[in-house]
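Sequence order for the protein chains is A and B. Take 0 as the starting number for the first sequence in numbering that gives the first Met the number 0 and just add one per residue. Take 0 as the starting number for the second sequence in numbering that gives the first Met the number 0 and just add one per residue.
Check each hint, because a few of them may be wrong.
[Unchecked claim] Subject to a maximum C-alpha distance of 20 Å in a straight line, what follows is the list of computed DMTMM-like cross-link-like pairs (lysine to aspartate or glutamate): (1) A:K371 / B:E184; (2) A:K252 / B:E68; (3) A:K316 / A:E295.
In short, the hints are calculated from the structure, not lab data.
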Amino acid sequence: MSEVMNLYQERLDRVFKTLRLEQADRVPVLGTYGTWSSYFAGYTDAETNWDTDKCGKALMKVADELSVDMIHMIYNRPGGVYQALGSKAFHYLSDSNIVQYSDESAKMMNDDEYPEFIKDPFRFLVEKILPRKYAELAKDSPMRDLAFAKGAMKFGMYGGQKGAIEGSLAAQYGMPLLFDGIILHPLDWIADFFRGIKNAFMDIRRRPAEFAEAVQAFTPLVIRLGMGQVHMGPPKPNPKVLLFPLHLPPMLKTADFDKFYWPSFKMIMEFFAAHNVYVIPFYEGDWSRYYNHLQELPAKKTGGWFEHGDPKELKQKLTDTLCVIGLFPATLLQYGTKEECIAKAKELIDGMEGGGYIFGTDKELLAPADGKAENIIAVNKFVMEYGIYK
Amino acid sequence: MVDLKVLTQAMSDLDEDVLNKAIDEVLSKDNNAAEVQEVVKACQQGMTLVGERYDSGEYFIGDLVFAGEMLQSVMDKLKPALSAGSSAKGGKIVLATVFGDLHDIGKNIFRSMVEAANFEVIDLGINVPVNQIVDKVKEVNPDIVGLSGVLTLALDSMKETVDALTEAGFRNSVKVIIGGVPVNENVCKSIGADAFSTNAAEGVKICQRWVG
């Protein structure tokens with residue numbers, strides 16, 4: 000095997016051993032640099048969304064210069080697909096800003112449509128939601144069909160480009176990508192895309208039974224969407240991995256979480272674990288009041304990217320269940336000195352002593368100023384030296 | 000006269016039905032201006048209790064959003080019956096989601112809670128450019144400027160806003176509080192704000208201390 004392929008394999012082994020809660024040679028470092036990578040390479044977020052090759056070049060620069068064991072994913076969005084379908088939901092506030100999604104754009108569904116949604120969520124999605132979301136799909140045939148064909152073609156091309164980037168990262172830099180796809184919880188689908196977050200909070204109180212039923216009815220679709228992505232790319236020697244960003248749980252009362260979120264969440268996690276797919280939720284916000292819930296997840300079959308949490312408490316509560324990723328404060332990379340960053344990294348590694356921890360930031364780096372490159376380089380180098388298991 | 004304690008309790012419990020029934024009862028009477036004043040106060044007290052229940056870990060953001068909506072719809076109903084300028088104000092706040100960010104759920108929660116605490120709030124909305132905030136401060140001479148944002152890029156805009164306020168000579172006359180997911184003590188210091196909070200109820204208390 001070539002030196003690069005050896006490096007690739009070594010990095011994969013390190014990461015997957017850690018995910019399985021076995022002790023690797025050292026703490027792996029995951030690059031979670033998102034659209035920040037664009038700016039690092041001298042592009043804007045918009046440029047990389049319109050020109051996927053630029054996204055590839057940005058990731059090559061990250062792989063070459065930032066000392067990581069793995070990059071989390073290809074971060075850009077296929078601008079051409081959204082344009083073909085006539086999406087108005089994504090907003091650039093200025094040329095150099097990152098793309099954003101507004102709660103106003105999310106309000107696609109009326110509160111009296113729950114019964115129709117519950118009856119057949121897929122039909123409702125295709126016939127009602129999509130035409131409201133994408134102007135071109137609201138037109139009559141054949142304009143609608145042409146737009147759909149164009150969008151599908153652009154999406155196919157985008158898939159090909161992503162595959163090529165993944166191949167180049169492996170062949171040139173021995174750099175694996177962690178995530179093979181992304182899924183969302185049905186409740187987050189409803190809140191983020193169908194009803195808007197504010198309306199979702201209203202519905203939870205005003206229409207609790209319908210809301211719970213809608214979440215349940217949408218769950219099989221989430222599983223289908225996840226499995227579709229698992230099978231989209233070629234098989235891999237290691238298990239496929241899905242990112243699962245979780246949005247609303249820290250905003251819910253525990254009683255609401257138990258009723259509306261947890262049953263579907265557990266079902267989804269158990270399904271993928273049983274199919275040898277590692278789902279790694281991004282546990283956004285403070286999840287400490289749900290640690291006991293997380294102990295019920297299939298042991299050693301999932302990971303958890305955490306934004307908040309006391310390392311010692313995480314270690315104590317979840318050490319037998321799942322591998323912890325993240326926790327390093329992104330704002331420290333932005334505002335802190337090298338010494339402060341290294342001190343924090345040391346504190347984290349000491350707190351997570353004994354394996355089951357992948358070093359990474361507490362949230363994805365998005366904006367140009369989100370992290371000073373010299374801080375990232377210094378911290379990653381430190382983790383690779385200090386994090387060796389003896 | 001409706002039982003004001005019941006009103007306060009209904010607001011605090013987020014019991015929309017009980018609250019609406021009581022409000023409708025008040026509005027159905029003639030010459031109700033004085034009672035409406037009392038009702039507003041009772042709802043505001045209920046909102047304070049909502050904040051306390053959030054602080055104690057009983058309520059979470061979803062509950063605050065719902066409480067804000069409830070209070071807003073009550074105020075919309077009561078406004079026509081309120082005599083103008085009758086309510087004493089606790090202080091004046093210019094509030095904005097800073098330039099580059101359009102996330103306003105946190106800002107809106109803070110607005111409804113700080114309004115319930117009797118502050119006059121001038122809400123400039125989302126993605127507000129630095130000069131617009133400075134101009135508004137010049138125009139209305141507030142006690143406090145509240146800057147909010149969810150994305151990490153908001154931090155740069157917050158810093159630029161604070162710098163511009165300093166340059167325009169307002170920094171000694173207004174307090175600046177920043178709020179949102181990415182703020183913390185370190186960030187607050189770097190930005191040059193007077194205080195930070197990721198908790199709307201706590202933010203209200205900070206503002207009350209400043210004008211108290």
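Against the structure, the hints come out as follows:
no. : hint            : in the structure
1   : A:K371 / B:E184 : holds (19 Å)
2   : A:K252 / B:E68  : holds (17 Å)
3   : A:K316 / A:E295 : holds (11 Å)
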